[in-house]
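Protein sequences, first through last, are from chains A and B.
With the UniProt record's numbering as the guide, the letters of the first sequence map in order to residues 1 to 219.
With the UniProt record's numbering as the guide, the letters of the second sequence map in order to residues 1 to 219.
Hints may contain errors.
Where chains are identical, the list cannot tell them apart; a pair therefore holds if satisfied intra-copy or between any two copies.
What the hints assert, rightly or not - No farther apart than 25 Å at their CA atoms in a straight line, the calculated lysine to any residue pairs in the SDA-like style are these:
no., residue 1, residue 2
1, K67, P207
2, K67, R34
3, K67, W42
4, K67, G203
5, K67, G189
6, K67, A53
7, K67, E80
8, K67, A81
9, K67, L162
10, K67, R204
Think of the hints as simulated: they come from the structure by calculation, not from any bench.
Note that the coordinates shown come from a computational prediction; the quantities given were computed from them, not determined experimentally.
There are 2 protein chains.
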Amino acid sequence: MTRSLAERPRLTFWFEFASTYAYLAAMRVEGRARAWGVALDWRPFLLGPVFAAQGWETSPFLIYPAKGRFMWRDMARRAEALGLAFRVDPPAFPVNSAPAARLAIAALERPEGPAFVRAVYAAQWAQARDVADAGVLADCAREAGLDPAALAERAGALRPRLREHTEAAMAAGVFGAPSFAAGGELFWGADQMEDALSWAATGRLAPAAGQGDDPEDRP
Amino acid sequence: MTRSLAERPRLTFWFEFASTYAYLAAMRVEGRARAWGVALDWRPFLLGPVFAAQGWETSPFLIYPAKGRFMWRDMARRAEALGLAFRVDPPAFPVNSAPAARLAIAALERPEGPAFVRAVYAAQWAQARDVADAGVLADCAREAGLDPAALAERAGALRPRLREHTEAAMAAGVFGAPSFAAGGELFWGADQMEDALSWAATGRLAPAAGQGDDPEDRP
Chain A
1 MTRSLAERPR LTFWFEFAST YAYLAAMRVE GRARAWGVAL DWRPFLLGPV FAAQGWETSP
61 FLIYPAKGRF MWRDMARRAE ALGLAFRVDP PAFPVNSAPA ARLAIAALER PEGPAFVRAV
121 YAAQWAQARD VADAGVLADC AREAGLDPAA LAERAGALRP RLREHTEAAM AAGVFGAPSF
181 AAGGELFWGA DQMEDALSWA ATGRLAPAAG QGDDPEDRP
Chain B
1 MTRSLAERPR LTFWFEFAST YAYLAAMRVE GRARAWGVAL DWRPFLLGPV FAAQGWETSP
61 FLIYPAKGRF MWRDMARRAE ALGLAFRVDP PAFPVNSAPA ARLAIAALER PEGPAFVRAV
121 YAAQWAQARD VADAGVLADC AREAGLDPAA LAERAGALRP RLREHTEAAM AAGVFGAPSF
181 AAGGELFWGA DQMEDALSWA ATGRLAPAAG QGDDPEDRP
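Make the full structure from the sequences, and use the hints.
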């Protein structure tokens, strides 16, 4: 039975273009949400103010080297398993993602929004292009079927939104990216995307491996 | 085909009794390892020195309140989904887990070791008992079929081992608990236990939801 858009359960997807793990989620979330019958609210925000509130002046992956080494390797093997290209040599880390986030807010007023988000993530993490660069972002807009000049103009008009989103994320308890919110529950990390969708759709977590009929099943 | 113990792939399970998420892994890892045909090396270690090396004087869940709030709620819903009792009111957080870890090292010389580890985790997280208390630990030993006095004596003889394990963990790149290591790869968090087992058994990650024959499958 197909439910109308208005009836479908909703999931808020909090994302930040500078986040590696958000890339894994952003490239797959639309297909997975469709599979679960969940409508998505895409919410670009900035991690900078969130990290600053925790006393960090940059990415925790730079502040804590062991965690950083783990993340780059974990990203490489995870991206490969998901069939996503991933380059560990971005032109800057963390990138200044504010320009891309402002354009995304404007793009997400239109049906092309998710395609623009994926184009920016692919430019940043699959192609190692500099998504702080206006020319790169214009290419992403065209790739998504949007007019770069019109998009930039609308982004200018919506400029305060990005700060509002970031403040809303912090008020919702978000402390990293990607995060997901449904039914008063917060989920953190690409590893919890499926749980978040399951919670939105059914009010409970996705079953763990070994939780089916056979407790010793293999996936 | 059943393989002999010597032929089976191995996974190192790094755990710390003070860690909430390690509880979720420790209670399930033996059954899941059996399902995957993987032999386990149980490695108790202390997070204190690991955190100190990152500049933290206590648990990051206390230093970063948003992360702490998330963790307690995430633990409660995850434990419930796994059918594990979990109390959010332990007598101390983080608990002084060194006495329990020293006894675990001695217990793990014997077949009763994993049962002792589970008894301590259950005392700490399901029953909110103080596992820094020698009487509580003696109860855990008896529950696992071990003689508390003999176990304490052996733990005394093996006392330097705990520091050696902790140093080995740091050398292996461990920065949190639970962690898993197999074939030169490190995995972090109860959410990655299945991936770690899959890597040990097959050299690749467990398939993600939506990665099977039908890209829109639901678990």
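Results of checking the hints against the structure:
For a Cα distance limit of 25 Å, the shortest separation of K67 from P207 across copies, 24 Å, qualifies, whereas the shortest one inside one copy, 28 Å, does not. With identical chains, the CA atoms of K67 and R34 are never at most 25 Å apart, being 33 Å at best within one copy and 29 Å at best between copies. Taking identical chains as interchangeable, the C-alpha atoms of K67 and W42 lie at most 25 Å apart only when they sit on different chains, with a minimum of 22 Å there against 28 Å within one chain. For the identical chains of this complex, K67 and G203 are inter-copy neighbours only, at 22 Å across copies versus 32 Å inside a copy, given an alpha-carbon limit of 25 Å.
With identical chains, the CA atoms of K67 and G189 are at most 25 Å apart both within one copy (15 Å) and between copies (12 Å). Taking identical chains as interchangeable, the C-alpha atoms of K67 and A53 lie at most 25 Å apart whether they share a chain (20 Å) or sit on different chains (12 Å). For the homomeric pair K67 and E80, the shortest alpha-carbon distance inside one copy (20 Å) is at most 25 Å, but the shortest distance between copies (29 Å) is not. With identical chains, the CA atoms of K67 and A81 are at most 25 Å apart within one copy only, with a shortest distance of 21 Å there and 28 Å across copies.
For the identical chains of this complex, K67 and L162 are inter-copy neighbours only, at 23 Å across copies versus 28 Å inside a copy, given an alpha-carbon limit of 25 Å. Only between protomers do K67 and R204 lie at most 25 Å apart by alpha-carbon distance; the minimum there is 21 Å, versus 30 Å within a single protomer.
Going through the hint list in order, the structure does not satisfy hint 2, though it satisfies all others.
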